[in-house]
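Participant: Each chain, written out:
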Amino acid sequence: MAKRKAVVSVRECVACGCCVKVCPKGAIAVPRGICAEISRELCVGCGKCAKECPASVITLEVTEQ
Amino acid sequence: MKGKKKWYDYLWIFSLTYLILGFFNILFAWLGLLCFFIPLLIAILKGSKAYCNKYCGRGQLFSLVGGRFGLSRKKDIPGWMKSSYFRYGFLIFFFAMFFLMLWNTYLVFAGVKDLGMAITLLWTFKLPWHWAYHGTLFSDGVAQFAFGFYSVMLTSTVLGFVTMLLFKPRSWCVYCPMGTMTQLICKARNAGSPRK
Ligand code: SF4
Ligand code: SF4
Ligand code: SF4
Numbered sequence: 001m002a003k004r005k006a007v008v009s010v011r012e013c014v015a016c017g018c019c020v021k022v023c024p025k026g027a028i029a030v031p032r033g034i035c036a037e038i039s040r041e042l043c044v045g046c047g048k049c050a051k052e053c054p055a056s057v058i059t060l061e062v063t064e065q
Numbered sequence: 001m002k003g004k005k006k007w008y009d010y011l012w013i014f015s016l017t018y019l020i021l022g023f024f025n026i027l028f029a030w031l032g033l034l035c036f037f038i039p040l041l042i043a044i045l046k047g048s049k050a051y052c053n054k055y056c057g058r059g060q061l062f063s064l065v066g067g068r069f070g071l072s073r074k075k076d077i078p079g080w081m082k083s084s085y086f087r088y089g090f091l092i093f094f095f096a097m098f099f100l101m102l103w104n105t106y107l108v109f110a111g112v113k114d115l116g117m118a119i120t121l122l123w124t125f126k127l128p129w130h131w132a133y134h135g136t137l138f139s140d141g142v143a144q145f146a147f148g149f150y151s152v153m154l155t156s157t158v159l160g161f162v163t164m165l166l167f168k169p170r171s172w173c174v175y176c177p178m179g180t181m182t183q184l185i186c187k188a189r190n191a192g193s194p195r196k
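Quick mapping for you: the protein sequence lines, in order, are chains A and B.
Just so you know, the first sequence maps onto residues 1 to 65 in my numbering.
Just so you know, the second sequence maps onto residues 1 to 196 in my numbering.
Calculated from the structure, these hints are not laboratory results.
One or more of the hints may lead you astray.
[Claimed, not checked] Quick partial rundown of chain B residues pointing at chain A, CB under 10 Å, derived from the structure:
id	residue
1	F14
2	S48
3	A50
4	W172
[Unchecked claim] Listed next, the stretches of chain A that the computed footprint assigns to chain B, with coverage defined by at least 3 CB atoms under 8 Å from CB atoms of chain B:
id	segment
5	5–16
6	32–39
[Said to hold, decoys possible] For each label pair, taking beta carbons as the anchor points, the in silico distance ranges come out as:
id	chain 1	residue 1	chain 2	residue 2	range
7	A	C46	B	L137	46 to 54 Å
8	B	I38	A	S9	22 to 30 Å
9	A	E41	B	F23	47 to 55 Å
10	A	L42	B	F93	17 to 25 Å
11	B	A110	A	G47	28 to 36 Å
12	B	W123	A	E37	35 to 43 Å
13	A	G26	B	F93	36 to 44 Å
14	B	I92	A	S9	35 to 43 Å
15	B	I38	A	E37	20 to 28 Å
16	A	C46	B	T136	51 to 59 Å
17	B	W123	A	C46	36 to 44 Å
18	B	K113	A	V44	55 to 63 Å
No residue lacks a Cβ here, since even glycine has one placed at the ideal position from N, Cα and C.
Just chain A, with the same shape it has in the complex (with noise of 0.2 Å):
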């Protein structure tokens, strides 16, 4: 079945870190103040980080798994 992850745009990222604070699967991180990361393990595509990121520059992608 086809799944969704969340997916960040490393360029415009501004790693204020709300899609952190939202994420109820801990699955991003802001290592070193640069970028979000998102645990493609972790995540269970539920968008709730798209919808709060307030650049808007994280996408759910679909993934074949």
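Given chain A's structure and the hints, the job is docking chain B with the ligands onto it.
Facilitator: Relative to the frame of chain A, chain B with the ligands by itself:
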């Protein structure tokens, strides 16, 4: 992670109190230096944006008012506002105005200029603010800095509030000069260090 609230999730109370105190005694504006030096120190010493990611009360305030209370259209911010040109341009403009404010403070310290009891909103509009002035310490310059710094804080709050209404609750974080600067410091500091 959502759910468990930490002590630092309540720092919005500090930010709100700060804004209110400025209406009563302008000297409290000096406390705002904390929101200036703490993020810088964290970025320089630890190379992280832990301030934005965890502690910033202003960001929390916007997500509370825009998110929980719903005072936000929750629309995407326009592309140009998140472009590097705008973010770095605003950072430069913001600091140019900041240094102008410091220069003004210096002139009052030096006795060249008289104390101006006004708050300058959006770098343009002078609002009378004498009710929050109850004398100062050491020199008029101390109060002048307080008026100047509070002007900066109030201006950024107003801008953040407007973009909160128009776009997403924490839209201010996209072009916040402190956020942009700490991210730049982190990028410079961590350049060349291996990714995990
Ligand atoms: S889509 Fe949901 S689970 Fe995945 S990173 Fe975003 S908030 Fe977390
Ligand atoms: S909310 Fe958006 S801009 Fe902020 S750290 Fe997450 S992905 Fe980056
Ligand atoms: S970007 Fe600015 S307002 Fe947003 S969390 Fe960071 S310091 Fe606070």
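Participant: Hints the structure violates: just list their numbers, smallest first.
Facilitator: Violated hints (numbers, rising): 1, 10, 11 and 14; every other hint is consistent with the structure.
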